[in-house]
Amino acid sequence: MYRIRRFAVRHARTFEWVYVRFEAALVALDPLFRRIGYHRLERPVAAVEKLTKGLLFDCRMCGQCVLSSTGMSCPMNCPKNLRNGPCGGVRPGGFCEVDPQMHCVWVMAWEGAARMRDGARINDVQPPVDRSLEGSSSWLRVVREKAVRPTGPTDAPRGTMARAFSQARAHEPSAAPLAPEPRPAADGKPRR
Amino acid sequence: MNSNPPVDLAPWQPSYDPPPPGHVSGSRLERVLRQGRFAVTAELNPPDSADPADVFAAARPLAQVADAINATDASGANCHMSSIGISALLTRAGIGTVYQISCRDRNRIAIQGDVLGAAAMGVRNVLCLTGDGVGVGDQPGARPVFDLDSISLLRTIRTMRDDGVFLSGRRITSPPRMFLGAAENPCITPLDWRPDRLAKKVEAGADFIQTNYIFDIPTFERFMARVRDLGLDKRVFILAGVGPLASAKAARWMRNHVPGVHIPDAVIARMERATDPGEEGKRLCIELIQQIRQIAGVSGVHVMAYRREHLVSEIIAQSGVRQDHLSD
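Top line first, the protein sequences correspond to chains A and B. Using the working numbering, you'd call the opening residue of the first sequence number 1 and step up by one each time. Using the working numbering, you'd call the opening residue of the second sequence number 1001 and step up by one each time.
It should be emphasised that the hints constitute simulated quantities derived from the structure, not laboratory data. Please note: incorrect hints may appear among the correct ones.
One-sided excerpt, in silico: chain B residues whose CB lies under 10 angstroms from chain A [what the hints assert, rightly or not]:
1) E1184
2) H1262
3) A1266
4) I1268
Taking beta-carbon pairs under 8 angstroms as the criterion, some of the chain B residues facing chain A (in silico) [claimed, not checked]:
5) G1135
6) Q1139
7) F1146
8) D1149
9) P1190
10) W1193
11) A1204
12) N1212
13) G1260
Which bits of chain A does chain B cover? Going by a derived footprint, with three or more residues having C-beta under 8 angstroms, they are [what the hints assert, rightly or not]:
14) 92-106
15) 173-182
Here a beta-carbon is modelled for each residue, glycine too, at the ideal position from N, C-alpha and C.
Let's have the full structure, built from the sequences with the hints guiding it.
See the structure below:
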């Protein structure tokens, strides 16, 4: 919802505080998640994530959440899907070039970032999204990236993306993930 | 079986020479800027035609004064001849070009391939743009792509150029030698963070910046002061955008219909008062160039004279900014 989305940006610092603790708890649960199997958790966790983040941030489930680096304003709500905004078309008063009724997602992002403790992360150059991860849980991806240091050779596409956007990866590892994707659940459709 | 006559490809294969030391592309624009001379670029109005003669006719008034001519990529989401086509034609005629890429119409696969294609045809400057939304153009039903944005596009081409790989990690045997450009819009909301976003573009790989129209000198001066505080003027060449207004009516239309154009009321009032608006627009443009020239950290101007291209060489000559360009 647009109004809740704007509320979240106004309270970006509180949401940051909450998320930092929530993420730490999730990362601590990695051994349990591994016992259960990430592939089994994927669908239920993604459903919860979609519900909560959908309500709070109008989350589009890109699977590579960077809210902590974008002032709690979801960049996927930008009609141009900018991951490094705002564009040069912002209207007077901070309204969107494409949808003049809407406040620019990225003007809100910079406002939100200014309120956050680690707001300087908005200066990181974010990589393009990996469309094949759309619909998957970003929470679980973050846990896999943060709990396990990748060992052995990583595949070339992911390795290149992680190197080319190393600063973004340092703060938001799921933006340029290296950990292997879980094998698809038995009843789930394998993702392309 | 094969009855085709033998083909002599030698004349079609210019050598792919490395750039001079300290340069990334060797383009004329890059050389002029690195020598510390005041650079001039100009925007070409792309033809709605497949005839190369129309491209050269559009380029002729600009080629005498510009260090590089920008070939726009469906600007305003209006369909015209492609930037890569225009860039290739002009490059072969010995005219430096800035190949513009908008993220609106092509995905990362198409863009990376086009960058290699453009480099192979001799194009040495590229401007990375996000692009206007499709809704303002002549075919608003088109699917907007926006797979990359201007900043991830900059980093993508820099990775191709400096690391010699595609984003997939696959090796490029001869990397594209491109002088990397980006746009900036110093007089548009959010004014406070525009310099910070410029910093991101520099961090992503921009070597030069071409700004949107500057009609508001005080706002641009505040922007440049912050740019200097951030030390960005030492890391990137900034070319300020200027252009002659045709009339008060045209100025108002641009302000209301072209995304990202800021024209103060005082400028429009001045155009309204003028007895000869065309002449006034030219004089205003010359004055703006002279004021911009005095601002520390500005390396050149980018002239966008839509349908007034015939005025560009006169404007540059009368502004006096080319006095350091004695030869070449």
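Structure versus earlier hints - violations, ascending order: Violated hints (numbers, rising): 3, 4, 6, 15; every other hint is consistent with the structure.
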